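J.: Listed below are the residues making up each chain.
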Amino acid sequence: MKETFPLFPQRASTLAGQVDALYFYLIAVSVLFTLLIAIAIIYFAIKYRRRSESELPRGVEGSLTLEIAWSVIPLLIALSFFFWGASIFFAINRPPNDALEVSVVGKQWMWKFQHADGQREINELHVPVGRPVRLTMASEDTIHSFYVPAFRVKRDVLPGRISTMWFEATRTGRFHLFCAEYCGTKHSGMIGWVEVMDPVDFQAWLAGGSGSESLASAGSKLFAQHACNTCHRSDSLARGPNLEGLFGKPVALQDGRTVTADETYIRESIVMPNAKIVAGFQPIMPTFQGLISEEGLLQLVAYVKSLSKAAPSPGGVVPPVAAPGAGQPFTPGPQPPRERTQPPAERNR
Amino acid sequence: MSAVTVPPTTEPVAPPRVHYLNSRYGLKSWLLTRDHKRIALLYLASVTVFFFIGGLFALLIRLELLTPAGDLVQSETYNKLFTMHGIVMIFFFLIPSIPAVLGNFFIPMMIGARDLAFPRLNLLSWYIFVVGGLFTLWAVVHGGVDTGWTFYTPYSTTYSNSYVVVTAIGIFITGFSSILTGLNFIVTVHTMRAPGLTWFRLPLFVWSHYATSLIMVLGTPVVAVTILMVGVERLFHLGIFDPKLGGDPILFQHLFWFYSHPAVYIMVLPSMGVVSEIVTTFSRKNIFGYKFVAFASIAIAVLGFLVWGHHMFVSGQSVYAGMIFSILSFLVAIPSAVKVFNWTATMYKGSISYRTPMLYAFGFIGLFTIGGLTGLFLATLGVDVHVTDTYFIVAHFHYIMVGGAIMGYMGGIHYWWPKISGKLYPEGWARFAALVIFVGFNLTFFPQFVLGYLGMPRRYHAYPEEFQVLNVMSTAGASILGIGYLLPLIYLFWSMRYGKAAPANPWGSTGLEWDTPSPPPTENFAVTPVVRGEPYHYSHEEVEIVG
Amino acid sequence: MADATAPAAPVTTSAHGGSPELQHQFDTVDQQREASSFGMWVFLVTEILFFGGLFLAYTVYRHTYSQAFAEASRHLDITLGTFNTAVLIVSSLTMALAVFSAATGRRKAIVVFLLATMALGAVFLGVKAVEYSHKFHDHLVPGPSFHFPGPDARPAEIFFSLYFTMTGLHAVHMVVGIGLLTALVLQARKGRYTPEYHTPVEVCGLYWHFVDIVWIFLFPLLYLIGRHIH
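Protein chains in written order, with my numbering: chain A, -2 to 346; chain B, 24 to 570; chain C, 48 to 277.
Derived by calculation from the structure, the hints in this document are not laboratory data. Remember, predicted model here, so these are calculated numbers, not experimental data. Misleading hints may appear alongside valid ones.
[Said to hold, decoys possible] The following residues of chain B were derived to be distant from chain A, with all beta-carbon distances above 10 Å:
#  : residue
1  : Val41
2  : Gly49
3  : Lys51
4  : Phe74
5  : Thr90
6  : Asn102
7  : Leu147
8  : Pro177
9  : Ile196
10 : Phe199
11 : Glu450
12 : Ile503
13 : Ala549
[As the list claims (entries may be wrong)] If you only want the chain A side, here are some residues facing chain C, beta carbon under 7 Å, derived:
#  : residue
14 : Gln105
15 : Asn271
16 : Ala272
[To be verified] 35 Å max Cα-Cα, derived DSBU-like pairs, lysine-lysine:
#  : chain 1 : residue 1 : chain 2 : residue 2
17 : A       : Lys246    : A       : Lys273
18 : A       : Lys44     : B       : Lys51
19 : C       : Lys237    : C       : Lys182
20 : C       : Lys175    : A       : Lys273
21 : B       : Lys446    : A       : Lys218
22 : A       : Lys183    : A       : Lys306
23 : A       : Lys218    : A       : Lys273
24 : C       : Lys155    : B       : Lys51
25 : B       : Lys314    : B       : Lys446
26 : B       : Lys267    : A       : Lys218
27 : C       : Lys237    : C       : Lys155
28 : B       : Lys267    : A       : Lys183
29 : A       : Lys306    : B       : Lys446
30 : B       : Lys267    : A       : Lys104
31 : A       : Lys44     : B       : Lys446
32 : C       : Lys155    : C       : Lys182
33 : A       : Lys44     : A       : Lys183
34 : B       : Lys314    : B       : Lys267
35 : C       : Lys182    : B       : Lys267
36 : A       : Lys246    : A       : Lys104
37 : C       : Lys155    : A       : Lys273
38 : A       : Lys246    : A       : Lys218
39 : B       : Lys523    : B       : Lys51
40 : B       : Lys267    : A       : Lys44
From the three backbone atoms N, C-alpha and C, an ideal C-beta is built for every residue, glycine too.
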């Protein structure tokens, strides 16, 4: 699949075709205008070339009609770019509900992934074809950017907040994964692959993982370990807000503001608990900054999210779903002799 | 403007005429001068040095990228190279180039003044520029800085192990040079215009510099204070952007781009002014739609302050903020388009001469059009997500800054060289160099658009193999471009000694600056001129022509 | 459009005549005064944007961490802050009196009022130094030794980072101002300023008032925000 001299990137996600269509429209308009200007200049330059040194052309008055025309027409064309571009941007920023969740941590200079049911990978991400995948991303140090050209998606990964992105691969294969935001010495080494697999292969690959627990259940362990449940509980002894059903809902704060309980809010509430005090509660929660790693925070976030699932499965395991259209039920068959590229254990840099 | 009926100035005069170059001699007469023309030459010398330093970094970058593996230099070194290339080119060449050299020299002459409003402040600006430059060069010599010219936090404040603070101080200091130059221009244009020179009789070069000065005065202090915050964060642990304290790295980006996007217009607006002068002179025609071109400069300066967020579409600002910045970015494209259309229309029924400055103006219009149109790709939200932070961006802004700003600068230097030096440059060589630069430029940067859409991220020391062919093309183009830039350096120096003496008005232009001998006397005009008509008024006047 | 031989050409370059203070690039003293004072206004616009970046950063964090900022602001010394505010307001008055004295030709009074302004500026800086040393003592200077009780320590560190940057930058402007006034005093003692020519005094007056106004904004934003809570 690797060409030696490609001129156009592979197209491997549902969004790629939309982005390319708009790109071709932009190219068409650009070529048209560039030719228009270039031909006009060349034509005028030849037709009105100076024939004698004493030649003196008559002055030409400006034309209001022309000025209006060449302001308004480009503006209208630009507006068409805007609306088309914005609609794609909305699609890029609105993940489907049934997406597969993967948590991503960027650090100098590697990508660490953990799948919903616990599989860990480094610099290599396995995903099934034909199924939306939603990435929940955090950075341990500086700003990184998760970029898969074949999917036409990119998102900065920032320290101190959680960013999300999604894609749905449309063909199997290995696709480049780049860090697109300059992050230091080995920035150009912070690259990897996204391996898009047939859903059956993917399930087999997932099942091949050795004994990792799911994101949410790891989060629930952390929740107990740090004694969060002594305050965040549903009964009358609660001194902190009840977290069940919280995720994605609006939260009224003490100072009258309302925020949505998204990933960044939950993360912030753990490391910077006093930044936003929920109405009716005292600012008594200690900070956990430095006590829980970014991966731990993502696990806790996954746990809090799992408390809001319609049918809360204790472990938060995403029920195995075959790819839409594939029509094949999940069968935990024997593990194919697929090579695991990274050991599940975290590698230190 | 024209008329030009001052008998003694119309033909080359006998040697012992006193002008600004020979009125006084010695190092001191230059280092302590308050003559705007001499200060312009001080700037010319300094920005030329910085241009070739920045060019050397570019050459090393392109050589490294000849092969996919990072084999010529270490990644630390590579990161410092692109950082210092950006810093030197942007802060020490592009921003001061046209304003501080050509603007300094010609704004007073175009408005019929003897000098800028504050000559001592003007000299001070140059010294500030040099001190800032020395700080930066010190950092370069002692090991450099590797944050990228954008100084994004928290990398710059916490993680980088290079000379961030020294470089930041250098840029901070140089910022004041910019501010003071802008201030000087604004006050000069407001208070020192010759009798009869109303706002709508001003040459478009002055209009575009007025717009540029507004950006310098309003934008530069914001980036100065932002860089200062980065500096104190590194130096004294004052954590304003530190995410560990709950600080916001995105806030830094907002503050940084609030200046640094308008800074692009600091680089390109003066070039647009130069092109307006050149196109009219070498078409021997009044500009088409004078007021539209003039107001387009102001519109670009004003709208330019409202679009900074388009650098951050994937950084995590809200979707709605992205939409607002996207639509504003489209709006700022309109006045640029209006200018391009008006320049083209100016040639209609003109008398077009293919002198070197005009070739550069053609180059500017073509390349700026491509640069501007690809800017629309980046303002388009859905496409920007894919191409931002790739070589598409690199290609786009080099089309604006090199294809636009430097083409205009080169055109301006050639156009006014007879006035500045009193000598004619060799036309044949100059046309050849212009052609070499145009070809070299396109070969360098056009493949980068393709690379960018393919997905090659910028600031990569090593890259996957399938990107190599396009990178080799780009490097080949860069070497042609480098030669193209060396040629003018050589023949312009040569012409200072061996060139033919220039008459007062070699192009038959109507500009006021051609109304006085070449090189001009220290006081610019023997008698304060009185302006009686529109600029670029060719048709009613008898125009003097010199081969 | 230019007619260089026009008989109406008002001023030839050699004929400056008039005031010895007129620099060669200007035609008239009025033009020179207009340029100087306009130049200072433009410079002050620049200064507003310079401080504007910091005010913006302050506003963003104040919004995000309102509790912590209110808490941290209670650690500033409101007595010294109020005293300093009063000192600066009086110094604006003495500065205005110095400009007035220059405009009305009272040469001695110019020097007296300028010296008074400088003295008040020095008092302000002295008090500021005392405040800074208290902060050092209380471990409220951001960095490794920063210590702030309670769970708001980190945002409080941002507050103090902004406090030191903003007041420090303001203090630098005060020092520059005192330097400018020193130069004015030296010239004023020689009797250089007359009702016809005293642009430097006017222009430095504008600068001094600007620096005072910056403080008038800094004081409530930094010292008073937490007062209404508790």
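J.: Against each hint, give a clear statement of whether it holds in the structure.
T.: Structure-based check of each hint:
Against chain A, the non-interface label of B:Val41 holds: every CB pair exceeds 10 Å, the least being about 31 Å. Chain A leaves B:Gly49 outside its interface by the beta-carbon criterion, the shortest separation being 42 Å against a cut-off of 10 Å. Every CB of chain A is more than 10 Å from the CB of B:Lys51 (nearest about 44 Å), matching its label as outside the interface. The beta carbon of B:Phe74 is kept farther than 10 Å from every beta carbon of chain A, the shortest such distance being approximately 24 Å.
Look at B:Thr90: its CB is around 13 Å from the nearest CB on chain A, clear of 10 Å, so calling it non-interface holds up. Listed as a non-interface residue, B:Asn102 fails to keep its Cβ farther than 10 Å from every Cβ of chain A; the least gap is roughly 6 Å. With a closest Cβ-Cβ approach of about 35 Å to chain A, B:Leu147 is found to remain outside the 10 Å limit, as its non-interface label requires. Against chain A, the non-interface label of B:Pro177 is violated: not every CB pair exceeds 10 Å, the least being about 6 Å.
With a least beta-carbon separation of about 25 Å from chain A, B:Ile196 lies farther than 10 Å from that chain, consistent with its non-interface assignment. The beta carbon of B:Phe199 is kept farther than 10 Å from every beta carbon of chain A, the shortest such distance being approximately 28 Å. Consistency note on B:Glu450: stated as away from chain A, and its beta-carbon is indeed over 10 Å from all of that chain's, at 14 Å minimum. With a closest Cβ-Cβ approach of about 21 Å to chain A, B:Ile503 is found to remain outside the 10 Å limit, as its non-interface label requires.
With a closest Cβ-Cβ approach of about 27 Å to chain A, B:Ala549 is found to remain outside the 10 Å limit, as its non-interface label requires. The closest approach between the C-beta of A:Gln105 and any C-beta of chain C is roughly 22 Å, which is over the 7 Å cut-off, so the hint fails. A distance limit of 7 Å between C-beta atoms decides the matter here; for A:Asn271 the minimum to chain C is near 5 Å, and the interface restraint holds. The beta carbon of A:Ala272 is positioned within 7 Å of a beta carbon in chain C (closest approach about 6 Å), and the interface hint is therefore held.
Straight-line distance between C-alpha atoms of A:Lys246 and A:Lys273 comes to about 15 Å, which keeps the hinted pair within the 35 Å bound. Between A:Lys44 and B:Lys51 the alpha-carbon distance is near 52 Å, which puts this suggested pair outside the 35 Å criterion. At roughly 43 Å between alpha-carbon atoms, C:Lys237 and C:Lys182 are farther apart than 35 Å, so this suggested pair is violated. A C-alpha spacing of about 33 Å is found between C:Lys175 and A:Lys273, which places the hinted pair at or below 35 Å, so the restraint holds.
About 82 Å separates the Cα atoms of B:Lys446 and A:Lys218, which puts this hinted pair outside 35 Å; it is violated. For the suggested pair A:Lys183 and A:Lys306, the alpha carbons sit about 40 Å apart, so the restraint of at most 35 Å is broken. Between A:Lys218 and A:Lys273 the alpha-carbon distance is near 25 Å, which keeps this suggested pair within the 35 Å criterion. Annotation: proposed proximity of C:Lys155 to B:Lys51 is violated, straight-line Cα distance about 39 Å (limit 35 Å).
Under the criterion of a C-alpha separation no larger than 35 Å, the hint pairing B:Lys314 with B:Lys446 is consistent with the structure, at around 34 Å. Note on B:Lys267 and A:Lys218: the hinted pairing holds, with a Cα-Cα distance of about 25 Å set against a maximum of 35 Å. Annotation: proposed proximity of C:Lys237 to C:Lys155 holds, straight-line Cα distance about 10 Å (limit 35 Å). Proximity of B:Lys267 to A:Lys183 is assessed by CA-CA distance (about 23 Å); at most 35 Å being required, the pair is judged to hold.
Under the criterion of a C-alpha separation no larger than 35 Å, the hint pairing A:Lys306 with B:Lys446 is inconsistent with the structure, at around 81 Å. Taken as a hint, the B:Lys267 and A:Lys104 pair is honoured in the structure, with Cα atoms around 15 Å apart against an allowance of 35 Å. A hinted pair counts as satisfied when its Cα atoms are at most 35 Å apart, and A:Lys44 with B:Lys446 qualifies at roughly 31 Å. Proximity of C:Lys155 to C:Lys182 is assessed by CA-CA distance (about 41 Å); at most 35 Å being required, the pair is judged violated.
Of the supplied pair hints, the one linking A:Lys44 and A:Lys183 is violated, its CA atoms being roughly 56 Å apart against a limit of 35 Å. Between B:Lys314 and B:Lys267 the CA atoms are separated by roughly 52 Å; this puts the pair beyond 35 Å, and the hint is violated. Only pairs whose Cα atoms come within 35 Å are accepted, and C:Lys182 paired with B:Lys267 is accepted, the gap being roughly 22 Å. At most 35 Å may separate the alpha-carbon atoms for a hinted pair to count; A:Lys246 and A:Lys104 meet this at roughly 30 Å.
Note on C:Lys155 and A:Lys273: the hinted pairing is violated, with a Cα-Cα distance of about 60 Å set against a maximum of 35 Å. Pair hint A:Lys246 plus A:Lys218 holds up; C-alpha atoms about 24 Å apart against a cutoff of 35 Å. With a CA separation close to 29 Å, the supplied pair B:Lys523 and B:Lys51 stays within the 35 Å bound. Between B:Lys267 and A:Lys44, the direct Cα distance comes to roughly 66 Å. Violation of the 35 Å bound is thereby established for this hinted pair.
Checked against the numbered hints given earlier, this structure breaks hints 6, 8, 14, 18, 19, 21, 22, 24, 29, 32, 33, 34, 37 and 40; the rest are met.
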